[in-house]
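Colleague: Each chain is listed here by its residues.
2 protein chains.
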Amino acid sequence: MRAFANLRDSQFLYRTAEQLENDKHEASDEDIATIQLFEDLTERPADVENPDVVLLRRMKQETCVCVEGHVGRAKGNIPWRLEIVVERITVLNNAEDLVSQMRGTKDWDPKYRYLQLRSFQFQRALAMRSKVATLIRNVFEDHRFIEVETPLLFRSTPEGAREFLVPSRTDAGKMYALPQSPQQYKQLLMASGVHRYYQFAKCFRDEDLRRDRQPEFTQVDLEMSFAKALDVQSVVESILVRLWKEIKGIELQLPIKRLRYIEALSRYGIDKPDLRSDMEIFDLSEFATSKTDPDYPVFEILVFHAQNSNFPAAVTAPDGYPTLRVPLSHQVRLSKEESSKWLSRCVAEFDLKLVSDLETTASEIKKKYDITDGDVIYACTRQRVPFENPTPLGRQRLHLMQETMSLSDRAAAPLWVIDFPLFTPAESGRIVNGYVEFDYSRLVATHHPFTMPSIDSLPALFAAVEDQSSQVDPRTIIGQHYDIVVNGVEVGGGSTRIHDSSLQRFVLSRILRVPGIRVQLEPGETEPDNPFTHLLNALTMACPPHAGLALGFDRLCAMLNGSDSIRDVIAFPKTQTGADPLVGSPSRVTDEQLGVYNVQLKKC
Amino acid sequence: MRAFANLRDSQFLYRTAEQLENDKHEASDEDIATIQLFEDLTERPADVENPDVVLLRRMKQETCVCVEGHVGRAKGNIPWRLEIVVERITVLNNAEDLVSQMRGTKDWDPKYRYLQLRSFQFQRALAMRSKVATLIRNVFEDHRFIEVETPLLFRSTPEGAREFLVPSRTDAGKMYALPQSPQQYKQLLMASGVHRYYQFAKCFRDEDLRRDRQPEFTQVDLEMSFAKALDVQSVVESILVRLWKEIKGIELQLPIKRLRYIEALSRYGIDKPDLRSDMEIFDLSEFATSKTDPDYPVFEILVFHAQNSNFPAAVTAPDGYPTLRVPLSHQVRLSKEESSKWLSRCVAEFDLKLVSDLETTASEIKKKYDITDGDVIYACTRQRVPFENPTPLGRQRLHLMQETMSLSDRAAAPLWVIDFPLFTPAESGRIVNGYVEFDYSRLVATHHPFTMPSIDSLPALFAAVEDQSSQVDPRTIIGQHYDIVVNGVEVGGGSTRIHDSSLQRFVLSRILRVPGIRVQLEPGETEPDNPFTHLLNALTMACPPHAGLALGFDRLCAMLNGSDSIRDVIAFPKTQTGADPLVGSPSRVTDEQLGVYNVQLKKC
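From first to last, the protein sequence lines stand for chains A and B.
First residue of the first sequence: 11, per this note's numbering; consecutive thereafter.
First residue of the second sequence: 11, per this note's numbering; consecutive thereafter.
Chain A with its partners taken away, still in its complex shape (with noise of 0.2 Å):
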């Protein structure tokens, strides 16, 4: 008579390194964390009847339970296997009958993620998680980096995304928000004489989650006084080699790959590139421009090579927005009368002006991009400074990277992304010829309002100033922000921030046009109150030139586990709606609470 069960030890605690070393070669991780219990008592009298063998057979998947016996490699052929020869169990705590029925449901209810996080690959995430941050402080550390808490209770500010309320108790009808990042107050560390700041900053945003995104989130955010782009890119650099090197095993190249949007734009159709595919876009301007739009007067193409790939499905296009842009899409047959056919159909499609005849420019192409018979021609048009991000040959390139590839994340393709455009014009709401339609005479800031434009842009953002008529033209403003991509996922953000007031003024007044900030104050007046009043007196007070930058911490730990969702990498999430069905969050409070904080649910 023999009983069997099996114990977890996720963290190996009853392995030596050298064990768990050598063991490793034969079996997986989570194997590895299984220790079975054993008892066998053929040796025992047959009348004596075991009241630990009973407890075991007896006992419910996920008992928590004290095992005193021998540890010790067990018998058989599973040489990794570890073994507790029981002499005694205690239960400690019962498990419910809901635990083995859980059990092996792919969809786990969140209500019970407990459950869930108990398995192999949930504690190793969690584990690796906190590695993961223990090397950014390392490396912080290394560069003489400080870490500073800033306040979660913050203000309201005309900043960027919807801000989480809080109302306050003593000061009625007041509210906090969370926010959104530290950046204001990091800034303010800045003009507060801390040289060089981190912090592992919780912040919040309430978006509607339709993508793989958390009300709140975790950012590993920095700042650096006296310092420019190049400093703040090589102490992030000096992470990422970090982490690939000793949570991947990959050594990064350095220096990092540096590209500027428009190119990032114009050769893979987004800003935030994968570079695992060495796959371009072609811009055809020398050969063709559209003749009646002149929103989007840019031809490009992409080749798709056939014959390095049985592809079955390459003229598909990917799923998007019924209000996105799909490329026409053309196998080519390079027999005479077929060879320029797939031209032919961009002319009518695209109403384009060629610069020869159809025959010549298609063979001409056909020579410059090496199209040969079979394979597939995406082609679509663009504007000259791409705000639409992915263009639909970028998204046709992911799409097709993501068909096609076996997309590793054993490879790590990161890149630095510079040189974006200051501003974006804000979209008009309407959808004309099936293309979104940008306002120009109303910008938005591409990344935050607190980006320095570039020296080379000032001129022409001076020359707004002087001529109060005249609208700054989107395109010609080129900002000091830099994206860092890993794979094709943006992973981090920064930039030189403006450290001179009059400059944030009037980024702030004119060109966003936040209500209360004027363009210029007369002499010795003080900044009136508005909601950036703070940073404007700061950096009137001797600020010093700064720069920094945020990682996403919870999606560049997905991307180091190898998960597709941060939620993989987040003990506690958020569902899309914004619940915590664990806890039950949100949740009805009393009225009587509510009036404490002076507010009242509104009435419909």
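For the record, the hints were derived by calculation from the structure and aren't laboratory data.
Check before you lean on any hint, since a few could be wrong.
You can't tell identical chains apart in this list, so a pair holds if it fits in one copy or across any two.
Pairs of lysine-lysine residues, derived as DSS-like cross-links and limited to a Cα-Cα distance of at most 27 Å, are as follows [unchecked claim]:
1. Lys376 with Lys301
2. Lys141 with Lys238
3. Lys238 with Lys70
4. Lys255 with Lys141
Quick caveat, the model's predicted, so the values are computed rather than measured.
Based on the hints, put chain B in the right spot on chain A.
Modeller: Below, chain B without anything else, positioned relative to chain A:
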């Protein structure tokens, strides 16, 4: 012609470690952090006006500059001073006049906190705080803890202090609450198979900030599964030893002294005794008890040996709230007619019943407690298990320490206070004979409802289950709670938690009377919806036994910094009214913003 200016170098960026070590013997850190800018024009032709020097002379205080020149030891008789012989100086950002007006003012306008933070003492405090965090993290890593982040958008629970509410946009009428601590989530982590958890957790309590408190604060939170008090205490002791050694250069002696709550209250009159003085309170129950007041039967004295000190204010009492009890004080004269006078005053004041006649009793007390001529005796009564905390004599003891000792933070007297009463009678709200009246029929959790009763207390608890009509006497139930106290400051508190769902359900329903929780469920019945469903469910699913603790990080840093106030170690603290005048939070928001969150301001 010469020109001078001072340059701040708070991070000692321009000194080698060796220089720094040598220089520190001769000057303060603040001196060393100042580099002198120096320009000597005497060697130059008098008619050449050096534009940099003109700049240096005209420059306002706090101007942000780029200086080019040679860094070296200053000439002259100040050996530790570094100077830069200026070759070129460029203004990077100007300072407004206001800056120099602010310098030297003692009470800084909190609107310009960043100017105050530039001072050396704050730079050091921020850097120290960051270092303390690193040291603590190192200890956790040595002990194989992992850091797990828990949500800040939590739900309202009837657990303790008033909670900040965050209205939900998508789930109309419902609210998140900001957590008072990660207590419930960390217990859920124990149910999740996390072995050893820690977190630098943001916590929120909306209390009236009359003491040195902040509405948001940071807690070093830890929890261990399969652990008990000693396991937790051992980790915390490692942290304290590391911190006091690295930050203060003090070797703490292990094991740290332990005092039971009842001992702390009876010997020191408070549950967080400052052991930098060995002054003790004496329980005189063997000589006298109070006849008339059943709530305060214990008669006790504190003897201040006046010959040890020229203490003019020895007979004064500390300031207290009007409702606090004040001890009787009496300076002893040992002439025949005077030697028992103090006791006769006490007999009258406290209606004492003496075990012997007045003279004999006074003489025996004098002998036992070594009372001599000129000593001051403070006398009062207390409860047998004192819920009045501090007691009048406890307050008097602290007052005497503050008035007569030079209390240095170079001494560290750490202490565990253990065996707290698990429940505290609610205050009735009435004052009777100058005493706070307790209502023993209404109990609140002394710390929180999740603390495990001591094994010895279980029979008394379970007796109350059997006999539904009986009341639990809070004086009989001891909880497995432990506070770590240093120099009279409660630095942290922890406990072994309840891991048995029936016990937890009993405490919540029968003792704390949380609505919606039943003492027992029918077999097979699932936990109905209530504010603690998640926790009760998790306990039924084989949550292991666990224990944990939280350190008040702000207070710990203030103590290590030698600061009286936590505001010294928080970059951007809130005022007493919960405001941040720097950024102007909280602030008004539009009705539209509120409407999105389904609330409106309460109509008065």
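Colleague: Does each hint hold? Answer for all of them.
Modeller: Structure-based check of all given hints:
In this homomeric assembly, Lys376 and Lys301 come within 27 Å of each other (Cα to Cα) only inside a single copy, at 22 Å, whereas the closest approach across copies is 110 Å. When the C-alpha separation of Lys141 and Lys238 is checked against a cutoff of 27 Å, the pair qualifies only between copies, where the shortest distance is 26 Å, while the shortest distance within a copy is 29 Å. With identical chains, the CA atoms of Lys238 and Lys70 are at most 27 Å apart between copies only, with a shortest distance of 25 Å across copies and 60 Å within one. With identical chains, the CA atoms of Lys255 and Lys141 are at most 27 Å apart both within one copy (13 Å) and between copies (26 Å).
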